[in-house]
Amino acid sequence: MSPSKESDLALVARCREGDLGAFEELYKAHAGRLYSLAFRMLGNAADAEDLLQEIFLSAHRKLESFRGEAALGTWLYRLAMNQILDHVRSRAARAGQLTDGLDDASALADAGGHRLADRAIDRIDLERALGELPDGCRAAFVLHDVEGLEHKEVADVLGIAEGTSKSQVHKARLKLRKLLSV
Amino acid sequence: MACERNIERIQELVDGTLGPIRRAELEQHLAQCDTCRALRDDLEAVRDAAAALPQMRPPDGAWLQIAGRLRQEGRIRDTAARRAERWSYGWLAIAATLVLAAGASLLVLVRTPSPATAPSPAPGAVAAPPSTTAVKGDPSVEAAQSAVDSAQQQFEKAIVDLEKIARANSGAIDPATSAVIDKNLGIIDQAIAENRAAVKAEPSSVAARETLFEALRQKVSLLQDTIALINEMRRGNNAAAAQLVNKS
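Those sequence lines, one after another, are chains A and B.
One point on numbering: in this note's numbering, the residue at position 118 of the first sequence is 98, and numbering is uninterrupted.
One point on numbering: in this note's numbering, the residue at position 167 of the second sequence is 1437, and numbering is uninterrupted.
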């Protein structure tokens, strides 16, 4: 057994026994990554914080099912992704759209303002602009350009066609370019 | 506007999925078309900036809420007296450090020229080192409980002192940042109130104490950050102030 797998299993065993300190250790190791994912996928801090709590409460309830086949971080990431996507889907369903429409690519391609490539894109500006994208578009962009998934993987995760993933990511980039160029 | 038929090909180039023949054709076009080249450069800049986004820090109150709910659901096992002793000593040490840190924060403010602000309390009011008499001697459960009480008092004293400083100088922070700080303090205050109630209901619960201490520690930490922010704003050090705002 690898040392990391051994330590994952030992930590999970302590959490299962109701050791709050152990679960805090687990939280501190993984909360940043999962919060970042939730924040960027959902586009606002309040929803991301609520969901982060649900993710960790759900993780605590499901620790019995952790067998160490995958790393603890991977197991948590999948669990978090499922919960985030449920949230995105239900919100999109309420808004009546899952694959949302932005303007045409050709209209978006007209950025107007200053060239982005001539200056460093400010992280806070980018986070803010991400929050202005429609849900489906933002989810595809975050998974592809931030999290580094391939279009096929994005399509599998979001339950959409690969072509739709490309279209959503591409529109998101154009829209971000426009938002960041003003 | 970029040449419409090339937009999709430029996107595929940025994706890294454009085949070699189409890529060569596009490169030829890009060499001649400023608009399309600008589009490619900008989309690459967006892609690279997205890939470089750093991990964010979860809000301070999140862990407290999770710990509180786990306890409400009865998923946290209260532990033996031996563990109570271990934790009580640790918390007392942390409380002592925080009280000293509160004094240091105040000292910086007092030394900084401050136009038209309310008078701050004297440094001596917070800088006194904590008593450790409660933990010397017999490490029994009673001694541990006494140490826990002492640590809690130290935390609460540090918070009162830090709040005085922060309130007296809050005008140095812009209203939007101040609103965020107030909101976060409100969340922590709520967690502290809930955890106090839990400690009152179960005075011997180590888990309840731990969570209360964590809430108190987070409040001290946020107040210390607030005071550091006030100091940086006073000095006109906007870069350092922005780092502190991003941290919170």
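Derived by calculation from the structure, the hints in this document are not laboratory data.
Treat the hints with care, as some may be off.
To be clear about the criterion: a stretch of chain B counts as covered by chain A if any three or more of its residues have a C-beta under 8 Å from a C-beta of chain A, and this derived list gives those stretches [stated by the list, open to error]: (1) 1324 to 1332; (2) 1462 to 1473.
Under the rule of at most 30 Å between Cα atoms (straight-line distance), these lysine-lysine pairs were calculated in the DSSO-like manner [stated by the list, open to error]: (3) A/K42 / A/K8; (4) A/K(-15) / A/K146; (5) B/K1453 / B/K1470; (6) A/K(-15) / B/K1470; (7) A/K8 / A/K(-15); (8) B/K1470 / A/K146; (9) B/K1434 / B/K1453; (10) B/K1470 / A/K132; (11) A/K146 / A/K132.
Owing to the predicted nature of the structure, the values given are computational and were not obtained by experimental measurement.
We put the CB at the ideal spot given by N, CA and C, even for glycine.
Hints and how they fare:
Counting residues of the segment 1324 to 1332 of chain B whose C-beta sits closer than 8 Å to any C-beta of chain A gives 8, which meets the bar of three, so the coverage hint holds. A stretch counts as covered by a chain when three or more of its residues have a beta carbon under 8 Å from one of that chain; for the segment 1462 to 1473 of chain B and chain A the count is 0, and the coverage is violated. Distance check on the hinted pair: A/K42 and A/K8 sit about 18 Å apart at the alpha-carbon level, within 30 Å; holds. The straight-line distance between the Cα atoms of A/K(-15) and A/K146 is roughly 36 Å, outside the 30 Å bound, and the hint therefore fails.
About 26 Å separates the Cα atoms of B/K1453 and B/K1470, which keeps this hinted pair within 30 Å; it holds. With a C-alpha separation of about 40 Å, the suggested pairing of A/K(-15) with B/K1470 is violated against the 30 Å cut-off. The suggested pairing of A/K8 with A/K(-15) holds, with an alpha-carbon distance near 18 Å, which does not exceed 30 Å. At most 30 Å may separate the alpha-carbon atoms for a hinted pair to count; B/K1470 and A/K146 exceed this at roughly 56 Å.
Between the alpha carbons of B/K1434 and B/K1453 the distance comes to roughly 18 Å, so the proposed pair stays at or under 30 Å and holds. Restraint check: the Cα-Cα separation between B/K1470 and A/K132 comes to about 54 Å, which exceeds 30 Å; the hinted pair is violated. A hinted pair counts as satisfied when its Cα atoms are at most 30 Å apart, and A/K146 with A/K132 qualifies at roughly 9 Å.
Against the hints set out earlier in the document, violations occur for numbers 2, 4, 6, 8 and 10.
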